[in-house]
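Chains A and B are the protein sequences, given in the same order.
Residue numbering for the first sequence follows my numbering, starting at 3 and increasing by one per position.
Residue numbering for the second sequence follows my numbering, starting at 3 and increasing by one per position.
Please keep in mind that the hints were generated in silico from the structure rather than gathered at the bench.
Only pairs whose alpha carbons sit at most 25 angstroms apart, straight line, appear in this in silico SDA-like list of lysine to any residue:
(1) 332(B) - 208(A)
(2) 162(B) - 107(B)
(3) 347(A) - 413(B)
(4) 370(A) - 213(B)
On a predicted model such as this, the values are computed, not experimentally measured, just so you know.
Protein chains: 2
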Amino acid sequence: MTGKLDQLRRDAVAIFQAGLAAVAPGAAIRRFCQLEEGVLRVNGKSYPLDAFNRVVVLGTGKGGASMAKAMEELLGEHISEGLITVKYRHLEQLSTIELIEAGHPLPDMNGHAGARRIFQLASQADEKTLVICLISGGGSALLPLPVAGVSLDDKQQTTKVLLACGATIHEMNTIRKHLSAIKGGGLARAVYPATLITLILSDVVGDDLDSIASGPAVPDPTTYADCLSILDRYAIRQQLPSTVLRHLEDGAAGTVPETPKRGDRIFSRTDNVIIARNCDALIAAKRKAAELGYHTLALSSMLEGDTRESAAMHMAIAREVARYELSVAKPACILSGGETTVTIKGTGKGGRSQEFALAAALKMGEMKNSVVLCAGTDGTDGPTDAAGAISDSSTLEQARSLGLDPAAYLENNDAYHFFHALGSLYITGPTNTNVMDLRLILVG
Amino acid sequence: MTGKLDQLRRDAVAIFQAGLAAVAPGAAIRRFCQLEEGVLRVNGKSYPLDAFNRVVVLGTGKGGASMAKAMEELLGEHISEGLITVKYRHLEQLSTIELIEAGHPLPDMNGHAGARRIFQLASQADEKTLVICLISGGGSALLPLPVAGVSLDDKQQTTKVLLACGATIHEMNTIRKHLSAIKGGGLARAVYPATLITLILSDVVGDDLDSIASGPAVPDPTTYADCLSILDRYAIRQQLPSTVLRHLEDGAAGTVPETPKRGDRIFSRTDNVIIARNCDALIAAKRKAAELGYHTLALSSMLEGDTRESAAMHMAIAREVARYELSVAKPACILSGGETTVTIKGTGKGGRSQEFALAAALKMGEMKNSVVLCAGTDGTDGPTDAAGAISDSSTLEQARSLGLDPAAYLENNDAYHFFHALGSLYITGPTNTNVMDLRLILVG
Chain A
3 MTGKLDQLRR
13 DAVAIFQAGL
23 AAVAPGAAIR
33 RFCQLEEGVL
43 RVNGKSYPLD
53 AFNRVVVLGT
63 GKGGASMAKA
73 MEELLGEHIS
83 EGLITVKYRH
93 LEQLSTIELI
103 EAGHPLPDMN
113 GHAGARRIFQ
123 LASQADEKTL
133 VICLISGGGS
143 ALLPLPVAGV
153 SLDDKQQTTK
163 VLLACGATIH
173 EMNTIRKHLS
183 AIKGGGLARA
193 VYPATLITLI
203 LSDVVGDDLD
213 SIASGPAVPD
223 PTTYADCLSI
233 LDRYAIRQQL
243 PSTVLRHLED
253 GAAGTVPETP
263 KRGDRIFSRT
273 DNVIIARNCD
283 ALIAAKRKAA
293 ELGYHTLALS
303 SMLEGDTRES
313 AAMHMAIARE
323 VARYELSVAK
333 PACILSGGET
343 TVTIKGTGKG
353 GRSQEFALAA
363 ALKMGEMKNS
373 VVLCAGTDGT
383 DGPTDAAGAI
393 SDSSTLEQAR
403 SLGLDPAAYL
413 ENNDAYHFFH
423 ALGSLYITGP
433 TNTNVMDLRL
443 ILVG
Chain B
3 MTGKLDQLRR
13 DAVAIFQAGL
23 AAVAPGAAIR
33 RFCQLEEGVL
43 RVNGKSYPLD
53 AFNRVVVLGT
63 GKGGASMAKA
73 MEELLGEHIS
83 EGLITVKYRH
93 LEQLSTIELI
103 EAGHPLPDMN
113 GHAGARRIFQ
123 LASQADEKTL
133 VICLISGGGS
143 ALLPLPVAGV
153 SLDDKQQTTK
163 VLLACGATIH
173 EMNTIRKHLS
183 AIKGGGLARA
193 VYPATLITLI
203 LSDVVGDDLD
213 SIASGPAVPD
223 PTTYADCLSI
233 LDRYAIRQQL
243 PSTVLRHLED
253 GAAGTVPETP
263 KRGDRIFSRT
273 DNVIIARNCD
283 ALIAAKRKAA
293 ELGYHTLALS
303 SMLEGDTRES
313 AAMHMAIARE
323 VARYELSVAK
333 PACILSGGET
343 TVTIKGTGKG
353 GRSQEFALAA
363 ALKMGEMKNS
373 VVLCAGTDGT
383 DGPTDAAGAI
393 SDSSTLEQAR
403 SLGLDPAAYL
413 ENNDAYHFFH
423 ALGSLYITGP
433 TNTNVMDLRL
443 ILVG
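So here's chain A without its partners, still in its complex pose:
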């Protein structure tokens, strides 16, 4: 590798790390929450702690442990009690708040037990209780609490039917919310009439509050009638567990209460604050790139869609920068965020970020002095121990010299082993945050 490429790779890592630092839960909580003379200020609102008898911290998600730690550092002994479900081994040393390890992405009985205890704590909160709820990505799976009469198995069976029939994520969430005691505003209902502050780390494209962890503390815009329409759209009524079908039909008939809706008084004492989102990481990374002397183009924090198509489009932009400096002058840093998907056809190992880096390498054409880094901000890319990968304008040549066929690795969805062989996996370990992915392309 030339010295120039080496420098670009170091810059790429520094830029990514700057993005990551901006969305670390501790930093994010400190940015939005301050304690001054017994008054908790959250995003401009004031909560005098002596107005409350108890401060209870609840929550769920991959960032739960770090968020809890930052909250303990902020509120210390003001916290009366706390309970948060987190992913296995995503732990921190805490004083008051209890962490419950639970299954993710598949919910398990640990999560169920944790959710039941959290719901109980929420229900016990009274007018003199301040409840602080910490939500981050993964919360849907880590906080499973089916409505009365529906078992966790029934709910999982329902998820399988919905996946098999091709329902969209929005449709799945609509039904999930109506089968949960805690999602779709259920937590806010349980907490009422206590005061509820929800601090949110967004792992959802567009940052819709009712999508992040299925919106436990926000109004649900969907209805039981919507649920039945979905069942009929895919003709799956008969495939659902009878308990599930009965609950949804009862709901539509009005014999079971709807999920809380906008304007409901239970939301009169709730405040939802997104404390970190993909765009924050993107903007911080962009700033760092500018500091390092790059002209920057941050495309969007909302990129979705097929990973290879996305890689091709990014490289079409980058190649035009290399050739004509069309969108931005050289040396350039092109950045984007969001979360793409991988269509798995092969039998290899990888994740969307590694697949992006490999697909991008194959689209570099005549580019020189160019580096691509993409990684998940949670430190995990697919079922691998890497956060992502780094490719550059020497990657194809390097692969040739090792006798590797990059196109064949891509075809087999085996980017992990490709980059492993090249020593170009990007490994961060768990970051305790999660605002989807960052991608950056340096054109030197």
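Assemble chain B onto chain A, guided by the hints.
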């Protein structure tokens, strides 16, 4: 429609038209070629016309007629003779140069006869002849001249086999060039030792000279051995017409001469000049947008890939502009060029630009005051009479009020009828140029 949207739509059309004007063949030829005191200057090189006994104009492609007209306007009576194959009804009134109408996209016997006559004229050119060759998109189909022993039918049969086995466009061109007397440098070989100036309107992403009209006047980097590798990669030797297989095998065995290669003396008197390309249109459109007061972001002239994926990515960028002015400030004009593909699953009518405009409308989310215009610079989008379509932030509402389901139209690849109903097809008629597509998004 609000007055604001109306203004944005007018601006969008003005921006597209400015892009189009920059790649009109006449303007492009005048930009690169001047005649001064009997000396023809082409892109910095000088050709004193009195050094030649004859000036012969040959050519092919959708822009052929306009290019020929511009050349007659420039050289007038200096032109001794001329022959160009064009698409049916793509004609102009000319004095000396003869136009032959021929089949496109499927070659026909008219094209074959025209190609034979053009090859003959080229072969007759001697040291004292100046040959000016005018090449534009569509030339591959409009100039079919199989090598001796292979019929047009055999060649077409070969194309079908290659399409069916999933060969890439690059692989198809490799074999095509080795079955053609005129492609892959064949025309340059026929013209030698005459002087050859080739003026090219590029309709190829990346503007590779050997891809445009299969490179009749440039060295061919591919070989007969490559052809056999391709046949074996797809195991299709036995499916090819025996004449074709024999020719390729003879070529690989060295009993038939290779296509001309880089360094061959036949290229010592040739000059290839791209006079217009997608990026020229893109930059002119960008300049017009800036004149109209928009902040501009021209992404790339090299966009390819799936149309809907591309639309989603463009709108992710546009939505982020609407929300945070991330990549560019409002009012913004985001532009791109190149050529996407449509995966046809439905039975409707449309083209890639109309499909893009519809897919983009479905991805506008909460955007207000936004307009999307995409169209082919040749004035034709797929098998329709429209160049493309215009959608905007009122399109979905308008569709609802007419009882149309935009997602269903998209699913059925029926964007033409959708935009026809809305009165939002963009119709220019034939433009006599062809540098692929332009897309622009205005965020007011």
